[in-house]
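Peer 1: Below are the chains, spelled out letter by letter.
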Amino acid sequence: MSILNVTDISKSYGGIRALAGCTMAFEEGAINGLIGPNGSGKTTLFNVISGYERADAGRVTFRGTDVTNARPETVFEMGLGRTFQITRIFPRLTVMENMHVASQRQGILGQVRGWNSPAERERATEVLDFVGLTRLAYEPAGGLSYGQQKLLEFAFIVVAKPLVILLDEPAGGVNPTLLRGLADRIRALNSEGVTFVIVEHDMSFVMGLCDRVLVMHQGCTLTAGAPEEVRSNPDVLEAYLGAAPKGTR
Amino acid sequence: MTATDVTPVGVAAPEHIPYELPKPARWGGTALVLTALVLFPLVFTNPAVTSIGVFTMIYLVAACGWNIFSGYSGYISIGHAAYYGIGQYTVALVAMHLRVPAGWDTFALLPLAGVVSAVLGVPIGFLLLRVRKHTFIVLTIAVMFILQLLAFNLTSWTNGSGGLEMSSPTWQGSYFNEPFYYVGLAGAVVACTVSWFVRRSKYGLGLLSIRDDEDRARGLGIHATRTKLIGYVISAFFVGIAGGLYAPFIGSVYPQFGFDPNFDLAVAVLVFVGGIGTLAGPVIGALLLIPLQQYFYLQFGNANLFLIAYGVLFVLILRLLPGGIAPSIIRLWRWFLVNRRRAAAGAGPPGDVPAPATTPDGGPAGEAEGPGRAGRKETGP
Amino acid sequence: MGLAGAAVVALAAAGCGSGSPSNSSNSKSPVSVGISVSLSGDFSGDGLATKQGYETWAAFQNAHGGILGRNITLDFLSDGSSPTQVVTNYQKLITVDHVDFVAGPYSTLLTKPASVIANRYGYVMIEGIGGGPSVFQQGLRNVFDVSASATYQLITFAKWLAATHKPVSVAYASMTDPFLQPMLDGARSYLTSHGFSTAVYKLYPLETTDYTAIASAIAATKAQVVVLGTMPPDGYAFIQDFIQDKYSPQVLIEASGPDQGSSFVKAVGSANTGGIMVPNTWFPGSTYYQNASMVSLYLKMFGGTANNISADVAEAFATGQVLTQAVDHLKSTSNSALEAYLHSGVTFQSVQGPVKFASDGENESATPFVFQWQNGTLQDVLPTGVASPKPVLAVKPAWGAGA
Amino acid sequence: MVILQAVIDGILVGGFYALMACGLTLVFGVMDIVNFAQGILVVLGAYLSYALYSHLRIDPFLSLPVTIPVMFLIGVAVYWTMIKPIKQDRVIMSLLTMFAVGTIIEGVLDLIFTSNLVQIQTSYETSSVRVGSLIFPNVYLYAFAMSAVLLGGLYFLLYRTRFGRSLRASMQNTTAARLVGINTDWVAAFTLGIGVGLAAAGGMVFGLTNSFDAASSYDLISRLLAIVIFGGFGSLSGALIASVLMLVIEDVVAVVWSPTWGQTTFYIVLVIILLLRPQGLLGRKAVRAQ
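Protein chains in written order, with numbering that gives the first Met the number 0: chain A, 0 to 248; chain B, 0 to 380; chain C, 0 to 402; chain D, 0 to 289.
Hints listed in this document are in silico derivations from the structure and should not be mistaken for laboratory results. Keep in mind that this is a model prediction, so the values were computed, not measured. There is no bait here: all hints are sound.
Example chain C residues on the side facing chain B (calculated, C-beta under 10 Å, incomplete):
id	residue
1	Q84
2	T87
3	Y120
4	L205
Glycine included, each C-beta is placed from N, C-alpha and C at the ideal position.
Here chain A stands alone, though its shape is the one from the complex:
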């Protein structure tokens, strides 16, 4: 059963068609890999799904409700969080404050109360412990290295406990040891029922982690299936060779 569906989504910038009637379904509880050569429209798809860009045509449904062109905040509140290819954190807030931006509160009282309730702080620290940023909890996030910022972005999404997490090249600029940990964490969360959609160029990372891989090419779905099927699919190779592949950026 799929939790996130994309139907005939098209999006073009002037002449360039980033998405050409792209249709795909992401299975609930799965770790979905989304791969494809540069410019195949992966990130655009993320932007459309998460409400950062309007689709020219098509529908996006999340948990059965239509979220086409919904505002980013609405999409997030429905339980879909995302990270960005080029990390976006809040440079002038401390790491700890960053961790709390996303944590949801109910009602006016929740808004008026202090931003870090003990419970929230505990959970945040626990996540920070994992990504190894606890030490820097009270430093301004702008001072972190790029890799650390990437982890922080992952961390403050996780802290908000979304149902689906879209990761845009999580491996980029993260050192191998942390990367392995990251994979474990993703699996752990996944076992708690969190669905993942991961755009990644690091093939070993994707193939090792994902239960299902979807391949995009020129704004449409090329193929989808288990990693090994995809790997053995000639079209995929064709697509990658056709458009000179770049590795991780």
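Fit chains B, C and D to the given chain A structure using the hints.
Peer 2: Only chains B, C and D this time, still in chain A's reference frame:
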């Protein structure tokens, strides 16, 4: 521009060095300033001095209010004189039509001035906040001028260029200013407290996240428009109160002095000098600049060099104290701490820089553009 | 009077002994007069003229025995054209410098808050450059305007027009200003009551920088009488635009602009000045009290030519004159006595003519002159019977034929 | 007829407002800088022409070849000394810096020229051409022609030259421009120079058609800013259209209704436009960081 090229703190600061003064210093300082302000008119009884005090308080209220929105959200408004004027006209008109006797009764109108400003702030803010930071700056000015022109033109209400009178209290000159001063001080305390609450609240964190990267914040469930609008209305409320205090003190209301472009700049400038987006910033700025400016006029006003000196001084402050006074103090304090630790631990590691350019609050927003931009660019494949 | 007066003098002496910077050659402590002037900001131009006027008065009076035989020292503070600063300034003048008297700043806008402060400390606010009605509507008994207040400014002209012309339609335009607008309305109400219809009535904001459209609108009405509530800049602009539009009304009067002497001639061209009228509370050639000596002294102190002396100078000087006469008569520096005396209906003499205060502080015996450019010079033409007026040119020569 | 006349007046005057506004919008487009000093710089330009005319009897229009380069250099200098050093928080910091610079200039002008109003008095200021019952004042005709020439030149510079390309590149995206080896600092410096140079030309006409002093700058800047957001930050044609529109609206309203409502009406139109198009008439969507 992105945070990448900032030296990783992981290397830079092996142990955490706080980005704020120690608690005792903060609370002690606050208590000290407050006591000083309470005692001020009792020590300096001279009306000329206390009247400077009154204006300082008026600007302090306005500055704190302004900072709650523009400081925390990063949306710089140079049009808050709109509410300064609205506050003035509210008090003057109500006092006139309801025949409110001059004196303590007029102070009862202050909350009303605030509320009227806040209420009018809702539609205005809604309109202004459709645009992003740069356009916003200029649009605020435009709206302010619209209101000024309306004040000129709606003569049946405002008596146009003739302005409105407010009969002033019959208090003795020797203690005339004190009531205004203490009411102003009370207002300032309230404004600062609200500012403090906002800074510490979940809501305030939303404002700050908008300042740093609005789109990212929206992607984390921050309702940007709503959040900004609330902040805008709160600030309008306090600026309105400032205006409501100014009118009865001056005794007359004019379009060009109510909706006064100079007020806009003055408030923005003093908050910047103090440290925008910080709690202490507006207080430091107001307590320093307003008396300084009035003193300047009293002393050197006759010299034509006044404007030049003022401009040069301003440039120097902008250049020498990036982020304003409050952050600079903190930077100094951290530098001191670092050196002390280094001294304690013998020679510290080479990369041990005192403080990154950014501080949790009030630091420069330069980077805020960076990731934001980047995020935008990647949208095209 | 005797005892009280003596006591007051003693007090005042003690008062200013403690305060005002007494750097006078005179043995007795000087009489200090505090004034806030606008040396920067919107009013800086007139602010300077105002300051010079007061300085001329002080210099003249000190050369003639000062006040009560004591030297006059002026205590100036600058207000940057801002009411906020005015409030602080007058409080400093009164409570720190302990000046004996205060005199008015420039403009109605600033005179209002200033007079409130003066009133609070029991000081008389005697002024010459704050004649907007709103000043007198405050119900303060300590405000005295030695000049003609706004509503009276154009009255001489209006009376003359009504007396000598058949009712025609009149075009009005004025800047929205607490002084100019009432001035225009004063004339308009009088003329309307005498059957003169209104062709067009335009108000324009202070910020206006382009007057062509308003000018063309007036030109389009072909009105033969044009009354303008202008400041110098727009005063020049309107005439330039009328000439451009080839529109030459028979009667043209401007609140201010034509009185600016050579700069006006430069602006509109000497050939075009002919017949243009301007109301004025003062003019260099006036034969009024001490005028000649004021003019010569001013030129000695600040240079320039008589025709370039701004009316602000005379208005400030007149303020000083009235103060001198009143205080010399009272033989005391008591402000309360001064207030009572100024209200007593006495008539004073000034470079602007007789001064007699109505209960609200307006100068009710003010008879503002009307001047007209004739053959390249500004002649006083109205009111007939005062001084030595030239006959009025009832019809303004066409543009270019005026010189 | 009166209305037609008002429209003509509006267009003629709008012509030279466009000069000053283009300077402002160009600077913004390239550097994200709201040049708060543009108003006083215009006045400075006016004073330069005034000085040259009153002392050396150089016709204001002929003085431009002198004043524009001078002002250009001032602009470049201001960039290197004032703007370039600003590292963080550029938008607002530069705005405040330019405000401070403006204050200094104002002070200097007050010092040199005092605060007495002056105007550049030429022989042709009161002459005009008449077509039917329509009047075309010569000053405005000349000014309009000059504006056309200068704006044409600007257009050529931007769209037909190499410098123009790199300038527009940096307008699109500074980082990218830097990547392809454009020295964005020089581009920025030159742009500010051009902006200030245009202020010189606009100022000359302003001084020719208005009596002015240093304080005149405040009314100017508020109008210019309004024009620029109306047209859309960074859009030259937008600024052009907006200037003409502003003056036409004001003049027509002044004639058919009342001058006091002229400006108000314009501002209200402005607000409505921005409600419909937050990025302004021809503003780039990018300006609205999305």
